[in-house]
Structures are given as C-alpha cells and as structure tokens.
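Asks: Below, each chain spelled out in residue letters.
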Amino acid sequence: MSSDAMTIRAAGAAGRPWVEAVQDWITTVDHKRLGILYILYALLFLLIGGLEAIVIRIQLMRPHNDFVSPQVFNRMFTMHGTTMIFFVIMPVMFGFANYLVPLMIGARDMAFPRLNAFSFWLTAFGGLLLYFSFLGGSGLYGAGNAPDVGWWAYAPLTSRAFSPGHSADYWTIAVLVSGFGSIGTATNIIATILSMRCPGMTLSRMPLMAWMTLVMSGLVLISISPLSAAQIMLLVDRYLGGHFFDTQAGGSATLWMHFFWIFGHPEVYILVIPAFAFASEIIPVFSRKPIFGYPVMVAATVSIGFISMSVWAHHMFTIGMSAASNTFFVLTTMAIAVPTGIKIFNWLGTMWGGKIQFKTPMLFSIAFLFQFLIAGLTGVMLGTAPFNWQLSGSYFVVAHFHYVIVGAILFCIFGAIYYWYPKITGRMLNERLGKLHFWLFVVGFHLTFDPMHIPGVLGMPRRIYTYEPGRGWDSWNVIVSVGAFIQGIATLLFLANLVLSYFKGRKAGSDPWDAWTLEWSVSSPPPVYNFAVIPAVRSRRPLWDQKHPEDPDSRYE
Amino acid sequence: MSAITTPIAQTPGTWSLPYRSKVGMACLIIAESAIFTIFVVAYLYYAGKSMTGPTPREVLETPIFYTICLLSSSLTIHFASRLLERGSRGAFLGFWFLTILLGGLFLFGTGREWHRLIYGHGLTISTNLFGTTYYSLVGLHAFHVTVGLILLSAVFLFGLAGRVGREQSARVEVLSMYWHFVDGVWIVVFTVVYILGR
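Protein chains in written order, with this note's numbering: chain A, 1 to 557; chain B, 558 to 755.
It is worth saying that the hints were derived from the structure and are not from the lab.
One or more hints might be untrue.
[What the hints assert, rightly or not] Chain A regions said to be covered by chain B (calculated; three or more residues, Cβ under 8 angstroms): (1) 243-256; (2) 343-351.
[Said to hold, decoys possible] From chain A, some residues computed to sit far from chain B (all C-beta separations above 12 angstroms): (3) Leu122; (4) Tyr465; (5) Ser475.
Ideal Cβ placement from N, Cα and C applies to all residues, glycine included.
Let's have the full structure, built from the sequences with the hints guiding it.
Replies: The structure is reproduced here in structure tokens:
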C-alpha cells in the first residue's frame, strides 16, 4: 500500500518514475531517440578509445619505457583501432543519419523503426562483447585477454596456434555482430531516403547530407558484407577446424588481407562521406550562401563511392603483387583524388564571397578543409607504390590515417555536434567553451600528428611497444605525446560543455543559425511526430523559400 | 513570373515513391550478394589447392534433379504471387505449398549429398581445403534456403488461417524476391562447384 502511494506521489511530483523513463529509452523505436542513443554510445566509446590512445602515448613517450607490458601494449592498439572505427565513428555517423535524415526529407520516421532499434542494439551489444573480452577473453586456456591481433587481424595471427583462448573470437564476433547492425541501419536509411521523402522532395532537391548518407549506406551494404563473410570464414577456421587462412593446409594468409581491405578501404569512405555531409550542411549556412555546385557535389560523392571499391590493394603494396596489379591500384588511388579535389574546391567556392560567420561549427569545418587537404596529399604520396614500399608499416602511415580520421572526420563530428546540439536538446552549446575546445584541439592535433610523420620517415615502425634511444625518434615522440594529452584535455572540456549546456545553456529556439533545411522548421527538440503537417517542398532550401516568399529559390531551379 | 506559382506535383496521386519493403529487400539482396561473392571467390581461389584428398572430381555428383526442383520453385512462387494479386486465394495456397515442397526437396537433396560425402567418403569441413570451401559455400546457401522455407511456411500457415488476401500481395511479392535471389545464387553456386570447380 505504502509503496503504491509513494509511486503515485513520485509520478505526480517528477512526472514519471525513472524506471519508466529508462524503459521508454530501451524500448524506443523513435528515430530521434535512437539517434541520440547512437551518439551517446559513441561518445562513451570515444572516451574509452581515447584513454587507450593515452596509454599508448605514455608508453612511447621515452625509449625503454615500461609503463605497460608488450602484451598490454598490443591489446591497447588493437582495442583502440577497433573501438574508434567500429564503435565510435560508425555509430556517431549512423546516429546523425538516424536523427537528421527523416527530419531533412520531411518524413515521420525511418522506413523500418523496429529494424532501426534492432540494429542499434546489435551495435551496442557488439561493443559490450568486445570489452567483455577483458574479463572473459582468457577462456579455458587461461591465455590471452583482450584481442591483441591488430585491428586488421592478419592471418595467421588469428589462428588457434597464435591466439589461444577466446580473445580473437571476441574481436571477430563483436565486429561481426555490429556489422550486421550496420547493414540493417544502412538498409533502413536507403529505404527511408528512396521511399519516405515528402511531396516535392525530388532526389535533386534533397539536402546534400541525405545524398551523402545514401551513398555511404550503399557502401556499407557492399563493403561491410565482405568483412562479415571473411569473419564467418575465420570462425569456421577457429571453431570447425577449417583451412581458409591456414597456410599449413594450403590456405592463404594473403586472401585474408584481400578480403579485409576490400572492406577496409571503402570503410574509410563510409566514415569520411558523412563527414563531408556535415561540412556540406555547415559551410553554406555560415557562409550565408547556398552550396556551390550542388550537382557536381552529388556526382563527386557517387564517383568516390564507385572508385573507392577498386583501390583496396594499395594497403598491400609491400606483400609483393605483380607489376600490373601495382600499377592498377596506383592509378585508381590517384583517380580518387580527383572527385575529392572537386569537393574541396566546391566548399571553397561556397565560402568565396560569402559573409562568413566564425561560429564554432564553422571553425571546425574550416580546420577540416585544411587538414583534409594535407591528409589527402600524404595519401597520394602513400598511394605511389615505390614510396609506399619505403614507408609502409611506419609511423608515417599512422600519421597519415590519423590526419584523415581525426583531422577530417573527428573535426567534422565536433562541428556537427556544435551545429545540431541546439536542435537535439533545445539549448545552445556554450560558444566560449566551444572556441576554447576548438583552439586547444587544433593545437593538440597539430602537435601530435604533424611531427608524427617525421619518426616515420626516420624509420620508426608502427606497433612497436618501445624503441632504442638515440635513433632521432626521442624528442619527436615526446612532442607527439604532449599533443595527445592536449587533445585529451580538449575532449574533456568538450564533454563538460555538453553536460553544462544541457542544463545551463541558452535556449535555442527552432532555428538558431538561420538555416535552410527542413529540420530547422520544427521546434527544438522536435516533437515525437516530427511534422504536424507533412511539408511540401519546392526547392533545395525550403526554409529560405518560407522566409523569403518574395524571392524563393524555386524561381531559379 | 508565373513560374513561382506553378504548383508542383504534390497531390497524393502524382507523388509516388517505391514501396519501402521492396527497397529494403533489394538492399538485403545486395548485401547478401557481396557475402556470397566473397565465398565464391574463396572457392575458386582454392580450387585444386587441397594438399590431401578427396578431390571434387572424385566425390562430387551433379545434383541435376534437386537443381531442377529448386529452379522450378521460382516459377511456382511467381505463379502463386500472381494468383494472389488476382485474388484467387485457393490457387495461391496450392502453388505456395508446391514451392515449399520443392524447396524442401532441394534441402533434402543437399542433406543426402552431405551424408554421402561425410559417411561414404570421409569428407568433412576440416578434411582439406575442398571440404572447407565446399561445406561453407553450399552450407551458406542451404542456410538461406532454410530461412526462406521458414518464412514461406509462416505465410502458408497464415494463409491456411485465411489471413493472406489480395491486400498482402505486395508483401508476399517481397518474400518472393528473396526466394528468387536464393534460386539465382544456386545457379552461381552450381556453376562454380559442379562445373568450374571440377
């Protein structure tokens, strides 16, 4: 009796009991809530993955350091890579796609809301499974712990002989499960974009974000599945005694490399195309101009999608392929620089002559432009087979791909969070803290990843847990580690900003940036049903038309 | 300047988009095709590379009859969904059941072949590379047939209960897309395993 009375009072006082709220979030099929879950989940793993990076950098700060053992070091870089790719960036991209795409195309929800929830929970449990390996990885053999095979898990390292216990299985199954989640979400996004657009929202009027998410989802379908297939083969090898990657019985370790990179290279574009999408939404709004060359942007995105599937073996120049394959993969790699260059020019063309407002989202986008250019240039260098033979497997490569993943992708994610946080929560992020976060992060980033190229050129191999003094790597490694700490502090500042602004931030209103896409036409946060009346669209900037009935875009399209 | 006021196509009659379940199934088929492609590549890459016997030439027998069963089930499911569209539910159920029967027969054929290979020739998934790639590829396909049969049977049971009518024909069509895909994959697997791989 008394407990009943208490529940009723609690319900009256604070709205509803907290268990009910938790249950609402767990059983939700609402695309906005699932989007938020994806993003929060990714931020949690960003913290964990970042912590692993800090452990790596402390260990490498000086020669002959013994902060962690070689075994733990191997686990740290494996978990860092796997976490950041599969459980930070992909979920964050799916989170934004989930939240924004239905709002941008004027839809009530995703095409398959329950599949959406199912995919999220697959991804979430995949991540939990990966981290459960710290506890359960020993298995019956009492050997191994977290996976330590590197994020690409080359054969024969993953065979029973070299990975006893269950650590490699945790890696395989965690990534396999989250891969199924990714395929589910990609299916959902494609069906949503093709079948749920509001009247008038033709393909050529969709926001670029929707276009790029569409291309990214197509890439997920075609390139995550080969990884799933290869992982099924690996499980057959490990559990049923198969010989796919067993060189003793005629199997091939090279075949795993091919299968992995057939996934692995398009994966880079799966991650970076949504980053392009964020930049393509943010840069026009803060330049006060429509995007420059919309059709060309779409064409460039689609061609990046196609070309990205024929470049994978540039990760494998050093294994000794034929001259013909080397030439083919060099040429395709060079070719992909063309549509990417077109995009950079289009973003610059958007800013050219615009009234640029240097708000935090825009700052991150501008930094993205510069850093992505440099990352692309070192990419072209590494795509040249002879140069690659010299530097493959060195810190130059590590510096290059962190320039892409941090310098381009993570910067865009930060920009996107600053840009859409007001829509999602109804409150602005603190601009002063945001600017501090930006400048600290830029300084930390460049302190880490600019000097990191140099020990690579000087011959420092990646994935070594320590090194001899006096090879000219010492001071560079100190600088790199200091930069990593600064990035860590900046990230904590950012998380603090997220929390503080949620409670104390300025009220945002429905359209704080004076933007042009449909998500800004509804209140912040948007109502559960998104649109009271399904909108009808006449141009690429429906909100501009609404705000400027005397000079609508539809007149010029 | 009348261009501004030109109404765009926004009446429900003229604004039509593809059926979302069809798009979803097409996406699934694309992803599955990529998975099968990798398994087929592995099969072809390892063909003839086994270090011990038995070899495909020694032990494989071409399953012509069961292949005909599976391929003709594509026809029967096509007729079934056409009939449902026209509203003849009894004929639909008949052809639907025939589809399940033919699919089940195919699965039985696979089972018999596996039984013969395992007990007659001692070929298991861990015997050699041929065993590994053969059971994985054919097994992956058989798994898809099994899933298909479960789904088809569910529809059949609903049909017996009188719950499948013309208004469900679009959904039934989606399931038949999947079944056609499974059949199409078998043509590839058959070619690779029983013709090229020998």
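Asks: Are the hints correct? Go through all of them and say.
Replies: Verification of the supplied hints:
no. : hint    : result
1   : 243-256 : holds (count 7)
2   : 343-351 : violated (count 0)
3   : Leu122  : holds, 14 angstroms
4   : Tyr465  : holds, 34 angstroms
5   : Ser475  : holds, 46 angstroms
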